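Chemist: Below, each chain spelled out in residue letters.
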Amino acid sequence: MEREEVKKRIADKFGSKVRIAERSPKRVYVYAENEIWVELARFLFNDLGARYDTGCAVDDRDGVEVIFFFPFDREHYFVTIKTFAAKPNPTLNSITSVCPGAKWIEREMFEMYEVNFRNHPDLRPVLRADTRPADYFAAKREVKDEHETVRERDDGDARSDEVAGRPPKGTNP
Amino acid sequence: MVKKIPIGPFHPLLEEPEFFELHVDGERVVGIDITIGWSHRGIELLSEHKTWDQVPFLVERICGICSCSHPYAYVKAVEDLCGIEAPPRAQFIRCIVAELERLHSHLLWTGLAGHFLGYNTVFMWTWRFREPLLDVLEAVTGNRNHYAVMKPGGVRRDIPQEEIPNILKLLDELEKNNRMLTNAILDDPVIHARTKGVGVFNKDQCRLYGALGPTARSAGLDVDARRDHPIDAYDKVSFNVILCEHGDVFDKAVVRQLENFESIKIIRQCLRLLEGTKPGEICTEIHEVPPGEGIGVYEAPRGEVFHYVRSNGGNMPIRHRVRAPSFNNILTNELSVLGNTVSDAGLITAAVDPCYSCTERVGIVDRASGERRILTEADLVRLSQEKTEAIRKRFAALKGNG
Amino acid sequence: MSLALKALKKSPWVFHVNTGACNNCDIEILDCLTPRFDVERFGVILVGSVRHADVLLISGPVTQNILPRLKRLYEAAPRPIKVVAIGACGCRCGIFRDAYNAVGPIDKYIPVDAYIPGCPPKPETIISGIVKVLNQL
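Protein chains in written order, with the working numbering: chain A, 621 to 793; chain B, 380 to 781; chain C, 78 to 214.
Rather than coming from a laboratory, the hints here were simulated on the basis of the structure.
Because the structure is a prediction, the values reported are computed rather than measured.
Where is the CB? At the ideal position from N, CA and C, for every residue including glycine.
Hints may contain errors.
Below, computed lysine to any residue pairings styled on SDA-like, alpha-carbon distance capped at 25 Å [stated by the list, open to error]:
1. B:Lys429 - B:Cys662
2. B:Lys383 - C:Arg128
3. A:Lys637 - B:Gly671
One-sided and incomplete, this derived list gives chain B residues near chain C with beta-carbon spacing under 8 Å [to be verified]:
4. Lys382
5. Ile441
6. Arg507
For reference, chain A alone in the conformation it holds in the complex (with noise of 0.2 Å):
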């Protein structure tokens, strides 16, 4: 499906619960409320006939960004949908029902990111299972002293929208 189609029905559906940014004619940036997050995976990937291709978690310090790339083939491009899951306790639901392929990144963000999903069938760790220890995510926020100073000068910048990805506001095409 066309790319200016796409934005068009995205936009018509969700209306005020998204916000569709482009940012060259082959990245399509779609970002949504909580919510409809099902809504909108199962409408990219059964009504509008995306692929699924996998999903990717960005640590704020409000919250989880968490990232699903649905490309289309046949056209070229890649539509990115994207949620916010706030701290503490980042939850959202599980896209698994639409996208059984979901399975293993969804575990894997609940494993590094804390990002607790509904529905989801097996969540367990995936990459550190038998080996980590009791208090796994109080450790992880540990910084390693040498690492301190990049994390510090990364604090200001990742609330801004532009390196967060997010687009400026008022936006909507």
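With chain A fixed as given, assemble chains B and C onto it according to the hints.
Modeler: Just chains B and C now, with coordinates in the frame of chain A:
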């Protein structure tokens, strides 16, 4: 009565560790539990502490077999972020090295699959065909395996003019050898018996699981990042995307064999196009990486490699997501081993060409009696080879009678 | 030299372990078996079980997950056993030195008799390294 058989973490059919627990009822597999993470080294975190041009050296070492795939996808992500393109000569050089790597990877897999099936000559011959290929790669890039060719903006080394006739000669040899190999595989009735109908994963399942590469194409799912998200020279050359329909182990082998011919075609076209470019113009300088995000995809031998980088304008990425195709493909084993026998299970899990696999021991626990049998890697390979031998004898007997 | 050691030196059986490496060292090890290098003519074969091994070839920077299994493997190996660490990751963790999950190098946990550096070491280097180990006997 369901027994549980652990396989792992050290696969008979390649070197990296995975752990499977097969749930077995009699001889048939009824369930599987996959544990990964044995090779988890924390590369995404390491990337955040390396500068933009140090990262290719790191990501190269994610996997040694597809060692130019990860740097290629990464540099494309950075170039997507910066909005630049590499100069034409660099684009052709990248494609040439990448396709040479695809050849080496597919030949490697064919050899190992042959060994597992009991065809040790296939193993020895394919790996012998690989050697001149690795020599050419060494002459062109400096190393047999970790090529260190990719760099954001271009390539690090030019192809020496005197190497080009050697590459062409190699391609002629490889084409001849690959044809011989393909015919041998397509004609052998024992291989048909061992691999047809085994480990089926159909097109709809591929789509739901996001399967990629030969695993998906063997089932008829038409995904190929070289054609769908063309980068560099891939939209300037013509090649076919190989599709089969059954999604079993045989089709996976056929897809890989036929893709070798396509790779040879691409390299020849790139070498011709290279002649029209000026030697030495191999890099577009990047002075600054702006804030934003970039996506880079490349079709590695195993499937689409996906890299995502995010920048805040500094000299290091603040987030680097690496998704190897095996992350999607290995999960497909969840369904493709069901209904098959234990002696086929190892072959099925290897047919997706996982970028990590290694079993050392197979333990069979009989829950009812509590008896525990341990099979070693040698036993598992022997089981598989014995099955092939039995089929061979049966065919010979049929031929004798008929 | 005792008869056992003489027999050992004639045809060492090698067991290969990957503790989380990228696979490159491992395919170079397998390459040694192939017709160009053909270590089998020297009697070196790759065995499928550690209980038959004379030489342990270990690659990789020892990830946390693999560590208990590596230790168990070393304990299960019959004596005398020679341990060879292969590759930059095996010798010194290589580029994964600062990784949180790579807790190596190998000689932190088990005694290593020989180091074969390289990323990856070429098959000629690997063969030369194994020969040196055998000459130590």
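Chemist: If you check each hint against the structure, which ones fail?
Modeler: 4
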